[in-house]
Amino acid sequence: MIRVIPRLIFELVFLRPITLLVVGLRLKHPERLPKKGPALLVANHNSHLDTPVLFSLFSLGRVHRVCAVAAHDYWFGNPLLALFSKYVMNLVPVKRKREEGESVEDILANVFKALEENKIVIFFPEGSRGEPEQRSTIRSGIDVICSKFPNLKVCPVFLHGLGKVMPRGDPIVVPFFCDVVVGEPITGHNDEKPSKKIAAIFDELEKEVDRPLWH
Amino acid sequence: MNQLDNFEILSASILGALILATALIWGLKFSPKQAEELKLRMKTWWYIFIFLLGGLMLPSPSFAICTGLISFLALKEYLSLIPTRRADRRVLLWAYLAIPIQYYFVQTGWYGMSIVFIPVWMFILLPIRMILIGETSGFLKALSELHWGLMINVFAISHILMLATLKFPSFTDHKALILFLIVATEMNDVFQYVSGKLFGKHKIIPKVSPNKTWEGFLGGVILTSTLFYFVGPYMTPLNHNYSLALGVCLAVAGFFGDLSISALKRDIGVKDSGNLLPGHGGLLDRIDSLCFTALIYFHFIHYFAV
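Residue numbers (the numbering used here), protein chains in the order written: chain R, 1 to 215; chain G, 1 to 306.
Calculated directly from the structure, the hints in this document are not laboratory data.
Be aware that a few hints might be false.
As the list claims (entries may be wrong) - Capping the alpha-carbon separation at 30 Å, the derived lysine-lysine pairs in DSSO-like fashion look like this:
hint: 1; chain 1: R; residue 1: K28; chain 2: R; residue 2: K207
hint: 2; chain 1: R; residue 1: K86; chain 2: R; residue 2: K36
hint: 3; chain 1: R; residue 1: K86; chain 2: R; residue 2: K148
hint: 4; chain 1: G; residue 1: K203; chain 2: R; residue 2: K207
hint: 5; chain 1: R; residue 1: K95; chain 2: R; residue 2: K197
hint: 6; chain 1: G; residue 1: K271; chain 2: G; residue 2: K201
hint: 7; chain 1: G; residue 1: K201; chain 2: R; residue 2: K35
hint: 8; chain 1: R; residue 1: K28; chain 2: G; residue 2: K43
hint: 9; chain 1: G; residue 1: K29; chain 2: G; residue 2: K271
hint: 10; chain 1: R; residue 1: K95; chain 2: R; residue 2: K193
hint: 11; chain 1: R; residue 1: K35; chain 2: G; residue 2: K33
hint: 12; chain 1: R; residue 1: K28; chain 2: G; residue 2: K39
hint: 13; chain 1: R; residue 1: K35; chain 2: R; residue 2: K196
hint: 14; chain 1: R; residue 1: K28; chain 2: R; residue 2: K153
hint: 15; chain 1: G; residue 1: K197; chain 2: G; residue 2: K207
hint: 16; chain 1: G; residue 1: K33; chain 2: R; residue 2: K28
hint: 17; chain 1: G; residue 1: K201; chain 2: R; residue 2: K207
hint: 18; chain 1: R; residue 1: K196; chain 2: R; residue 2: K36
hint: 19; chain 1: G; residue 1: K33; chain 2: G; residue 2: K271
hint: 20; chain 1: R; residue 1: K113; chain 2: R; residue 2: K196
hint: 21; chain 1: R; residue 1: K207; chain 2: G; residue 2: K271
hint: 22; chain 1: G; residue 1: K197; chain 2: G; residue 2: K39
hint: 23; chain 1: R; residue 1: K35; chain 2: G; residue 2: K43
hint: 24; chain 1: G; residue 1: K271; chain 2: R; residue 2: K28
hint: 25; chain 1: G; residue 1: K207; chain 2: R; residue 2: K207
hint: 26; chain 1: R; residue 1: K86; chain 2: R; residue 2: K35
hint: 27; chain 1: R; residue 1: K207; chain 2: G; residue 2: K141
So that you can see chain R by itself, here it is in the shape it has in the complex (with noise of 0.2 Å):
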């Protein structure tokens, strides 16, 4: 239980003054999220904040359940990095590029671990965060977790916004409402391919946000 008290101020103290207060969602849908793991949350990705969005839409008793998978090079690069990444914001880590003899697999091998531990996980299956506001093609790691937890509840959920407040290269925060459309979840991947479903999924999600133009 000691564990997970960092993870729980940093989440009271930063993490969701943020994402409450300054970012501001819109939240529809929220009778949709996973109640409990093994779960996977996945989402279009355009922002540092993205991570903390989605986990502040747990409840501060839950919140120590759910995770985040995120860029080994990049949040696991240092070793004081590291502590906090796996500590304080429960990241899991996953490589972003294979080396040789790797498979896919072997990459994913933190995520699997997260899921047989019963635990909600975070995936951007789009891999990185991309143009801001515009969402980019997602890749075959969904595809390949799904393919081996057939039964695995996929929740998808579609953000705006984010990348108007923090865009990839500007570490300056600036306002806006951000909306949050929670999708209907998926599960029993033997049929189409999830990262087709989703893809179709997060079409139909956008559809209910109000977009004004931003150029």
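Knowing the structure of chain R, use the given hints to seat chain G on it.
Relative to chain R, chain G alone:
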């Protein structure tokens, strides 16, 4: 027992009205959908009441924080609603930073700076910051939309707090003065709505708002000025006749404040400005008339009573 002051009587009356309205919603028969909507709306009214009364009753600078927070949330809602340019991120940040500065000037009673900071200094500083970025495409549109947003959401709303710093020859009940502005503005909305529902026939400005009628507008003016004639002299330093005149001005200002935000939403193509206040819509939907009435109320009193 100590006698209640006017602020306490006004707060108690609002409390009574809220309890009555809540009892009516729970007691009367509505369709389930209607009842749920009304209950949600009522619940939000209670939160607004507690928020404002808490701000007024706790020691200073709680009301500055309270009104500053309203400005921040309203400006954020406004900027999330309108088209903005990616190049302007830092300009928008400057606009946000104007909020604590403006509220500092107001809170410290520095009247001159409170009045010129946004209309003069921000009027110069925003284009300077924008020029340093150098994006000319859409320059005028971005600049004017941002400055209008600051005027409505920060300059106008900060006038509510500015009332607290006015010094009158004999009147001292500033809390009553502030609460009466907010109550009268909301009552004017209600008076217009009810008169429109009961007698509304002739549309007044159908292109902006198809539901507004001449009967609603005039009913609002008559009832609000009656309220001002009888209650105004106790809540403000004005006598009956001046208070009546202010009532007419406030009713007209509230009407046009409301319609300005309606026109803005119609221009953008949204129904609600946001969803910050469940059952009401966004914050801008609620404070739309207040943005105009706060300015009129303050400057009328500043001119005639100080």
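Hint check results:
1. K28/R / K207/R: 12 Å, holds
2. K86/R / K36/R: Satisfied, since the Cα-Cα distance of roughly 21 Å is no more than 30 Å.
3. K86/R / K148/R: 24 Å, holds
4. K203/G / K207/R: Violated. K203/G to K207/R sits at ~34 Å, over the 30 Å cutoff.
5. K95/R / K197/R: Status holds; Cα separation ~25 Å.
6. K271/G / K201/G: 24 Å, holds
7. K201/G / K35/R: With Cα atoms ~52 Å apart, K201/G and K35/R exceed 30 Å; violated.
8. K28/R / K43/G: 20 Å, holds
9. K29/G / K271/G: Holds, because 28 Å separates the two Cα atoms, which is no more than 30 Å.
10. K95/R / K193/R: 23 Å, holds
11. K35/R / K33/G: 28 Å, holds
12. K28/R / K39/G: 20 Å, holds
13. K35/R / K196/R: Holds: K35/R and K196/R sit about 25 Å apart, inside 30 Å.
14. K28/R / K153/R: The given pair, whose Cα atoms are some 19 Å apart, holds under the 30 Å limit.
15. K197/G / K207/G: 19 Å, holds
16. K33/G / K28/R: The given pair, whose Cα atoms are some 19 Å apart, holds under the 30 Å limit.
17. K201/G / K207/R: 38 Å, violated
18. K196/R / K36/R: 25 Å, holds
19. K33/G / K271/G: 19 Å, holds
20. K113/R / K196/R: The hint holds at about 25 Å.
21. K207/R / K271/G: It holds: about 16 Å lies between the C-alpha atoms, which stays within 30 Å.
22. K197/G / K39/G: 21 Å, holds
23. K35/R / K43/G: Holds, because 27 Å separates the two Cα atoms, which is no more than 30 Å.
24. K271/G / K28/R: 17 Å, holds
25. K207/G / K207/R: 28 Å, holds
26. K86/R / K35/R: Since the Cα atoms of K86/R and K35/R sit roughly 23 Å apart, the hinted pair holds (cutoff 30 Å).
27. K207/R / K141/G: 27 Å, holds
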